Every structure is written in structure tokens, then in C-alpha cells.
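A.B. asks: Fit the two chains together into the complex; they arrive one by one in their own frames, and the hints show the way.
Protein chains in written order, with my numbering: chain A, 1 to 115; chain B, 1 to 110.
Just so you know, these hints were derived from the structure itself, not from any lab.
These figures come from a predicted structure and were not determined experimentally.
Among the clues, some could well be false.
Subject to a maximum C-alpha distance of 30 Å in a straight line, what follows is the list of computed BS3-like cross-link-like pairs (lysine-lysine) [to be verified]: (1) Lys44/A <-> Lys57/B; (2) Lys79/B <-> Lys57/A; (3) Lys79/B <-> Lys102/B; (4) Lys44/A <-> Lys69/B; (5) Lys102/B <-> Lys9/A; (6) Lys42/B <-> Lys63/B; (7) Lys63/B <-> Lys44/A; (8) Lys102/B <-> Lys44/A; (9) Lys42/B <-> Lys57/A.
Quick list of the computed label-pair ranges, beta carbon to beta carbon [unchecked claim]: (10) Thr20/A <-> Lys42/B: 20 to 30 Å; (11) Lys42/B <-> Ile15/A: 24 to 34 Å; (12) Gly54/B <-> Ser67/A: 34 to 44 Å; (13) Glu9/B <-> Pro61/A: 44 to 54 Å; (14) Glu59/A <-> Glu56/B: 22 to 32 Å; (15) Gly96/A <-> Glu58/B: 17 to 27 Å; (16) Val50/A <-> Phe46/B: 16 to 26 Å; (17) Ile15/A <-> Ser18/B: 42 to 52 Å; (18) Pro61/A <-> Phe46/B: 23 to 33 Å.
So, partial list: chain A residues that the calculated Cβ filter (under 8 Å) puts toward chain B [stated by the list, open to error]: (19) Met41; (20) Gly42; (21) Leu43; (22) Tyr48; (23) Gly58; (24) Gly107.
We put the beta carbon where it would ideally sit given N, CA and C, even for glycine.
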Amino acid sequence: NAGVTQTPKFRILKIGQSMTLQCTQDMNHNYMYWYRQDPGMGLKLIYYSVGAGITDKGEVPNGYNVSRSTTEDFPLRLELAAPSQTSVYFCASSLGQGSLGQPQHFGDGTRLSIL
Amino acid sequence: EDQVTQSPEALRLQEGESSSLNCSYTVSGLRGLFWYRQDPGKGPEFLFTLYSAGEEKEKERLKATLTKKESFLHITAPKPEDSATYLCAVLRDSGYALNFGKGTSLLVTP
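Chain B extracted, bound-state conformation (with noise of 0.2 Å):
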């Protein structure tokens, strides 16, 4: 059975102090591992996607990488405007349902 376990389950950062959040799964046949991004009230935002071991994205002040058992996303000097909802899912070859986490909550205080 597929697994995403994303930690940790809330982060409270200062603006500027960089860090790294988990996202460790177990698929059989990886698709896709995808990164999002939701504000509440709202829908789940689009990020990246990760295809396979060793691929890396950025965007802005955030960096996501991809190894065989899991992914970091990675945020660099992060500004208030970054607090959200983190959440990780992937995509095993034969499916078509994103398995998602449960997501990590990021605070950023000024």
C-alpha cells in the first residue's frame, strides 16, 4: 500500500531562518512525487513535480529535491508571505489518484 508521510507536522520559523521540510513515501512505480501549496479556505496550489532520484526544482526562495525514498522542500531566507500548508503526494504508475500526506504547517513570523 502506498505511504506518504510528510514531518515535521507544524514548523514555526523566523523570516530570514532557512529550513527543510520531509516528505519520506513508499510507492510501487513512482509516476510523479508532487509538491503543493494551500493557503487556508483555499485549494491546494500547484508547486512541482519530481519525476525521479536525483531531480531538483526551484521556484522563488523554495527548492524541491527527490530520492528514492523521499523528498525535501527545501525554503531558503523565507518571508511571512510563505506561511502555509505544505502538502505532498505522488502518483504510482498504474493509478491515477494523487496519494497525499497530511501536509506540514509552516509559520513564518516577521
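Just chain A, same shape as in the assembly (with noise of 0.2 Å):
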């Protein structure tokens, strides 16, 4: 049971080229997460969706995209790569929210560097 796979595990961009980060799980969870997590600080939330077809922003979507067009999937588009997006990037999932908040799986994250 392979849960939240992540790739590429590192990579370095230019400034203004472009890349998806992809992101799988196999444990058919309908919510997923995209998360950035910057030295010293805590974890903020990109974008996010409770299903194929729904995604919506969380705290700091500027500069990113995202899409889920299956259940397994939700891949992250970083358009015109700036130094401000160098961080490591974490996928989560979980089965649901309801009425008392599901924990969230994560993956073991991108290294992207933005020189």
C-alpha cells in the first residue's frame, strides 16, 4: 500500500519556466492537498479538493494551479516559476470531513528550488 506518492522528489527550475508536480494515492480518498512548508514556518495550504471535477483555493494559491479529473490524481501546475515559490510541496489526502475531521496522509513532499 504505497498512500500518498509524490514526484519528482527534487528539482531546480529557472525563473519563469513552468512544471507540474504530480501527486497520487491509492487509498480512495475523496479530499486532497496541496501544502507548502517554508524553513521556520508552519505548513500553508495551496489548493485543495473534495473530489474529481472540485477544487478550490485555501491560503496562498497565487502563482500555482491545480485540477482532478480523477479520484487518485491531482497534479500541481507552478506557471512563471519565481524564487518567492522555492520550497518543499507536500500532497495530502484524506477520506473525508463529515462530522468529525478525517487525519490527512501525507506524502514525502518536492524539493523545488527556483534559481
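C.D. replies: As C-alpha cells, then:
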């Protein structure tokens, strides 16, 4: 059982380039999330999805786009990369929210540097 | 605005020396408080969810407790393999995002 898988693990981009961070989960979770983690800061939510075809912005969505065409996959797109997007990106998934918050399960992250 | 503050920022313990990590929070309508462990180069690993004041959860050497304003993660007789960063996060009733604290970096020496 792989859980949440993120690719690539590391990437260096030049300013202005674009790329897609891949995330897939095999737990049949409806909810998926993208967070970024900067040194000395808590994780911040970029985008989330409550099911295939449904996405919404989180706290820090500027400069990013997402899509959710299947339950399993939730790619994050960076357009026109900027140095401020240098960070570690984590994808997470959860079974649902319901009346009690379900725990979110995280991948091992993509470490992205913009130079 | 929701706030999550963890203390201390860093903690060094000797093997077997018990201690507690603190997570103070303010949130409008708490749906759940979550504890995660994060090892270097890895994603957060889920430990516990606490839903209401007075609730306690245990797993091996770890015990999490919750009041209306804070949560504690008690570590009893820690071992070097307990060294990691411990993250606290809250989920509000009306939200989807976990609001994370900055974490406590724990180092347990032999």
C-alpha cells in the first residue's frame, strides 16, 4: 500500500519556467490537498479538492493551478516560476471531513528550488 | 484568526528523560486537533486526533491530551528513535485546511 506518492522528489527550475508536481494516492480518498512548507514556518494550504472535478483555493494559491480529473491524481502546476516559490511541497489526502475531522495523510514531498 | 503556537521550538532530552511538548491554540469552532511527527526529508506522519476537551490518546511512549486552549504531547522514557519534529495542527468546523504550528524539534541523546 503506497499511500500518497509525489514526483519528482527534487527539482531545480529557472525563473520563468513552468512545471507540474505530480501526486497520486491509492487509498480511494475523496479529499486531496497541496501544502507548502517554508523553513521555520508552518505548512500552508495552496489548493484542495473534495472530489474529482472540484477544486478550491487555500491560503496561498497565487502562482499555482490545480486540476482533479480522477480520484487518484491531483497535480499542481507552477506557471512562470519565481524565487518566492522555492519551498517543499507536500500533497495530502483524507477520507473526508464529515462530523469528525479525518486525518490527512501526507506524501514525502517535492523539494523545489527556483534560481 | 486561528492561531497555533508550539513550545518549546527545540528540546534536547537524554534517553529516558520524560517531558512534554505544548500546543496552544485559538480557533473558532474546533473540529479536531492533530499531532504529526516529521522526520528529516519526509512528510508529516499522523499520530493522533483529539476532538474534545478532556480527551486523551496514547501510542507507545506518547500520550496526547487536550483542553479548551491547549494540547500536550507527553513523551515517557524517550528513546533516540523518538527524535523528530512534532507538529500540531487544528481543523476548524467550517474549514478544510489544517492550520499548523511551526513544530517542536526533539532530539533524544543516548
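A.B. asks: Check each numbered hint against the structure and report the violated ones by number, ascending.
C.D. replies: 2, 13
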